[in-house]
Amino acid sequence: MTSSIFMHPATMFIIGALLLPLAKKCKVQKIWLVLIPLVAFIQIQYLPESFGKVEWLGFDLQFGRVDKLTMVFLHVFTLMALIGSIFGLHVKESGQHVAAWLYVAGSLGTTLAGDYLTVFIFWELMAFASVFLIWYRKRKRSIEAGYRYLLVHTFGGLVLLGGIFLRYQNVGDLTFELISVDQATLADYLIMIGFMLNAAVPPIHAWLPDAYPEATVTGAVFMCAFTTKTAVYVLARGFAGFETLAIMGAIMTLYGVAYAVIENDARRILAYHIVSQVGYMVCAVGIGTEMAINGASAHAYAHILYKALLFMGIGSVLEMTGRSKLSELGGLYKYMPYTMIFTVIGGISISGFPLTSGFISKSMIIAAAGNNHQLVIMAMLLLAAVGTFLSVGIKLPYYVFFGPRDSGLQPKEAPWNMQVAMGIAAFMCIFLGFYPDYLYDMLPYAVNYHPYNSYHLTETFHLLGFTGLGFYLMVKYLKPHDVSNLDLDWFYRRGADWFMWVARKPVSATNEWVSNIYQNIGLRFTMALARALSWFDWEGIDWALDGSARGVVKGGEQVRQFQTGKLQHYIGAAVALLFIVLIVVVLV
Amino acid sequence: MIVNFLTYLRERPSFLKWLFLAYLAFALIFDFFADRHHAHFWGDHLVGFWAAFGLVGCLAMIVFCKGLSHVWLERDKDHYDK
Numbered sequence: 001m002t003s004s005i006f007m008h009p010a011t012m013f014i015i016g017a018l019l020l021p022l023a024k025k026c027k028v029q030k031i032w033l034v035l036i037p038l039v040a041f042i043q044i045q046y047l048p049e050s051f052g053k054v055e056w057l058g059f060d061l062q063f064g065r066v067d068k069l070t071m072v073f074l075h076v077f078t079l080m081a082l083i084g085s086i087f088g089l090h091v092k093e094s095g096q097h098v099a100a101w102l103y104v105a106g107s108l109g110t111t112l113a114g115d116y117l118t119v120f121i122f123w124e125l126m127a128f129a130s131v132f133l134i135w136y137r138k139r140k141r142s143i144e145a146g147y148r149y150l151l152v153h154t155f156g157g158l159v160l161l162g163g164i165f166l167r168y169q170n171v172g173d174l175t176f177e178l179i180s181v182d183q184a185t186l187a188d189y190l191i192m193i194g195f196m197l198n199a200a201v202p203p204i205h206a207w208l209p210d211a212y213p214e215a216t217v218t219g220a221v222f223m224c225a226f227t228t229k230t231a232v233y234v235l236a237r238g239f240a241g242f243e244t245l246a247i248m249g250a251i252m253t254l255y256g257v258a259y260a261v262i263e264n265d266a267r268r269i270l271a272y273h274i275v276s277q278v279g280y281m282v283c284a285v286g287i288g289t290e291m292a293i294n295g296a297s298a299h300a301y302a303h304i305l306y307k308a309l310l311f312m313g314i315g316s317v318l319e320m321t322g323r324s325k326l327s328e329l330g331g332l333y334k335y336m337p338y339t340m341i342f343t344v345i346g347g348i349s350i351s352g353f354p355l356t357s358g359f360i361s362k363s364m365i366i367a368a369a370g371n372n373h374q375l376v377i378m379a380m381l382l383l384a385a386v387g388t389f390l391s392v393g394i395k396l397p398y399y400v401f402f403g404p405r406d407s408g409l410q411p412k413e414a415p416w417n418m419q420v421a422m423g424i425a426a427f428m429c430i431f432l433g434f435y436p437d438y439l440y441d442m443l444p445y446a447v448n449y450h451p452y453n454s455y456h457l458t459e460t461f462h463l464l465g466f467t468g469l470g471f472y473l474m475v476k477y478l479k480p481h482d483v484s485n486l487d488l489d490w491f492y493r494r495g496a497d498w499f500m501w502v503a504r505k506p507v508s509a510t511n512e513w514v515s516n517i518y519q520n521i522g523l524r525f526t527m528a529l530a531r532a533l534s535w536f537d538w539e540g541i542d543w544a545l546d547g548s549a550r551g552v553v554k555g556g557e558q559v560r561q562f563q564t565g566k567l568q569h570y571i572g573a574a575v576a577l578l579f580i581v582l583i584v585v586v587l588v
Numbered sequence: 001m002i003v004n005f006l007t008y009l010r011e012r013p014s015f016l017k018w019l020f021l022a023y024l025a026f027a028l029i030f031d032f033f034a035d036r037h038h039a040h041f042w043g044d045h046l047v048g049f050w051a052a053f054g055l056v057g058c059l060a061m062i063v064f065c066k067g068l069s070h071v072w073l074e075r076d077k078d079h080y081d082k
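Protein chains in written order, with the working numbering: chain X, 1 to 588; chain C, 1 to 82.
Hint data in this document are derived by calculation from the structure and do not stem from the laboratory.
Predicted model only: the values in this text are computed from it and were never measured.
Please note: incorrect hints may appear among the correct ones.
Counterexamples of contact, computed for chain C against chain X with all Cβ distances above 10 angstroms [stated by the list, open to error]: (1) 8; (2) 11; (3) 12; (4) 14; (5) 15; (6) 18.
Within a straight-line C-alpha distance of at most 30 angstroms, the following computed DSS-like cross-link-like pairs (lysine-lysine) qualify [claimed, not checked]: (7) C:82 - X:140; (8) C:17 - X:325; (9) X:476 - C:66; (10) X:505 - C:82; (11) X:505 - C:66; (12) X:334 - C:17; (13) X:325 - C:77; (14) C:82 - X:325; (15) X:25 - X:92.
C-beta: ideal position from N, C-alpha, C; glycine also.
For reference, chain C alone in the conformation it holds in the complex (with noise of 0.2 angstroms):
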């Protein structure tokens, strides 16, 4: 049943791109209406600025460690081997 319906999910990929736009829209309008008297920094009273943060944050570090890996640390796996 779980398969079938995962299945159902996967074959409609345009329905699940709606589905995760839509839950970041969510996540946006929420926002505004979040309690923020626990602020710990400036950053904290910035609608979106947690968005923004995961989003670069996210990025940044894809191409930072994949660059990394490629110029410099990616061996062979049986690389002490030999």
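Same shape as in the complex, but just chain X (with noise of 0.2 angstroms):
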């Protein structure tokens, strides 16, 4: 069965990655970046409902199991690589694309998983494939913003595990199946919390949109697309009708758009929208009703392409000006007319105005809800769709394009390759707005639901119409300042430097002490103790063994002195002997 690791659509883009340098050498890299993704977009068509099943240290691994819910995702993935790999050609350094194919890999290896020690495999291939994204701004805040995000998912990832590890001990199996409610234990909620944190749920959200606006150009365009999206469909699969997560979700949508009518960075106004546009998909699982599933994977399909084209498009403007403040752009439709329409198409199909891709997903949701008579989540996510509508779909073009004033910056169009892969996503846009049956096929259960009826209707005329009412009578008050706001990560941001001011301060102030201590005192009386040690040494040992020595030195002193080695001194000195012999004994 090992051969079957090779229609892996993960090891595809592995190999594909490993081999860029090579094709880059041979001059033919962007040909490679358009052809893997094209090849496995073809490819997952053709997957087998199970592949990969690896016996490893007693474990039962799956790397392949395939099934409605899974297709939707590596449709999406496949597509969104695509798309990212076309945006990205003209950045010329191999490692930024290696880093965003390992990280499509991880995410196609978690989607097609079927026990949970993959998941954790290909789980942290993703965050740290996805950290090179960052650090490849090569920005000072980049770099400290990159080893944030890697701590925070490194935390995600241990508390995942710690869950996998506690499931295995009660229940003696990793398969990756729905948990039901009802039989869920601590086990089963660290595993939740771990994949929450990749979803990017408050309050585990604050690397979202710490991150993501510093990450490269290119490199933002593929991380909004996956590792949130992966985790909705981790939790889409374990965890479907958890009321926790219908609650936290709604609270997502609000807390993200919230953040979004207040920031003035274009991407951090991104970024934290993602946080909304997740909350749909996290409630919609909460429900967990077949449609509620239903939904949250046609959102996400659809999410994943209207977000990748507003990256696109803001992250053109920040290509060719060098900004993504709101407070210093303004008027480059003039400049910018192309990318100025991919991101109002991107805008309004966030928003979800009829005929464009919003419209068929994100309705769905708030239908699901109604049908289950959540109505206070209803009305939670429609004040959401309100603010979307309000901070991405007006706000961020008019201030970006159009405004009161005219920024004076007067950049050239973006680059071909930027403008077709935008051309493709606002393509797709239109297209499922006009045909939601192309999507409505690919979902998980069969779809009883038609977007298009004349309440539908009126109800989103009446939302979309009345909040650019608000937005023409406010419009003064919602004038962009350089400033960004607190969040969460404020918590851990200052938590470091406190620790860093008591690393510093009382932990190197009580170790001063203590050496200080050491050298008036404790040297001291080591010193003395050494001289006595010493005196003792001296005056009592080397007394017994050196006095003895001493002796001996002594007499061969004295012997040596007897034998100066002249022969009349021993002769003479033998003749003395001889007389004093002669005398003893003629004498006695």
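Hints are included, so try docking the two chains, each in its own frame, into the full complex.
Shown next, in the form of structure tokens:
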């Protein structure tokens, strides 16, 4: 069965990434960048239902498990990899592309995994590969944000791994299937928290608006698509019907959009808006009915395309002008008209205009909440839809491309490859709006929902029109200022400062105090002890040993004086001795 | 061409304003004829309910969020570097 690993789409991206430097050497990098995602996009249609089963250290790993839920996500992930790679064609650094593809591979691997260990392996690959998309921006802020991103995701990964271990201890089985709400234990909730961290559910969401605005232009396009939507997939796979998720998701939609209304940096607005949009999906997963799971999948599909389109539009502006703050932009429609049109298409799609993809997907989740009689949640989702149109549908394009003032910038239109990528994404947004069945046929359950009914249309006309009126009345009050707003990352960013302060001040002071004591008291005591020992050594031990040694030396010295080496002395001494012997003999 | 057209429109703000108001009037009139038997709750039966929801929600959101930002959340962009 090991040969079936090669049909895994992640394998294709990994091998493609490893061979990319070679392709660059042969000057076919651009062809390679389009070829691999295109082949993957076609190849996923031919995947068998189950493949890549491996036994390893007594665990049954399953690298490929394909059903309709998997297929929707695989379809949009590979399509997005293609669009993102085309958008980044002009980037010469192979490293960025390698990181992006390994990241895609991690996402595909997680989506196809049939057991928790495989999920975990690819989960970590995603976190590790994507951090390079931040670091490749090569600014001090990006490096720092990348480290924070990595630390937060490492923490999330550890929580997930802890949950997996506990679950194995409890159940003795690591198959990745739906967990029922009644039987959920601590282990399952730990796994859920690990997944929720990647879905950016508050209060563990702050990594997202912290990191994404600091990523490279192409990196952000990839990042906005994969991490959060993979998390939505695993939540839908394992935790559908958990009421907590429905409530958290509804809160997320409002939390994200509230920050999108007040932020100034365009990519930060979009990043906060991901939190809001993923909230719809998390909420739908929590509702858990067939219609809601359909809605979550459809919204993930549509959202990836229009959010990537918005990130590409704003990314093009950043690439051409070097700026992304609303307070520094304005009047660009004259110089970047195509980028403007594409961004506006993204904006109206995300707001759910009729005949765009947002209309056919978002409304499905809201209707699912209504059908399930969760009216408070439904009202929260609709209020978030109002905020979405306000912040991303109107405010963002208005201040970037039109605006009350002209920024004086005269950038060129974005390069052709960026426009092609934006064109594909924009086409898909409109195409799905006109022909929703293309998406509905892919959904996990049979769809019995028609978005284009007169009531839904009038509801949308009103919500959008009167939100527009609200903007028109308050436009002066919404003027962007060059500030950023505090969020919950304050706890670990200031927390890290306090940790460093504690390390520098109290710990270091205590250390110094202890070493002073040691110097003043300890050292003297040690010296005195050393002197005492040395005295004992000299006087006690050496006296005995050296005394005898000195005796030998002295004796030897005395003997040596006899041995002068002169023959006459010896003869003289021998004669003298003879005399003495004779005298003694004679006298005695 | 697109640029010229947009510039032409931007130079006529009162025309845009009337166009927008005409759209709002159309939306309200359309609401009288909408089919309501898929209604989820009482609000769905009221003509113009979502118009009020949209306007009030939008204004409340702007006032609340901008207010919260001004009194509490707003910091210099290099706040954490200090």
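Now for the hints, and whether the structure bears them out:
1. 8: Holds: least Cβ distance 12 angstroms, greater than 10 angstroms.
2. 11: Fine: 13 angstroms to the nearest Cβ keeps residue 11 (chain C) off the interface.
3. 12: holds (14 angstroms)
4. 14: The claim holds: residue 14 (chain C) sits with its nearest Cβ about 13 angstroms from chain X, beyond 10 angstroms.
5. 15: For residue 15 (chain C), whose nearest Cβ neighbour in chain X is about 14 angstroms away, the distance exceeds 10 angstroms, so it holds.
6. 18: holds (12 angstroms)
7. C:82 - X:140: holds (14 angstroms)
8. C:17 - X:325: holds (28 angstroms)
9. X:476 - C:66: holds (12 angstroms)
10. X:505 - C:82: holds (18 angstroms)
11. X:505 - C:66: violated (38 angstroms)
12. X:334 - C:17: Within the cut-off at roughly 22 angstroms; holds.
13. X:325 - C:77: The given pair, whose Cα atoms are some 11 angstroms apart, holds under the 30 angstroms limit.
14. C:82 - X:325: holds (21 angstroms)
15. X:25 - X:92: holds (11 angstroms)
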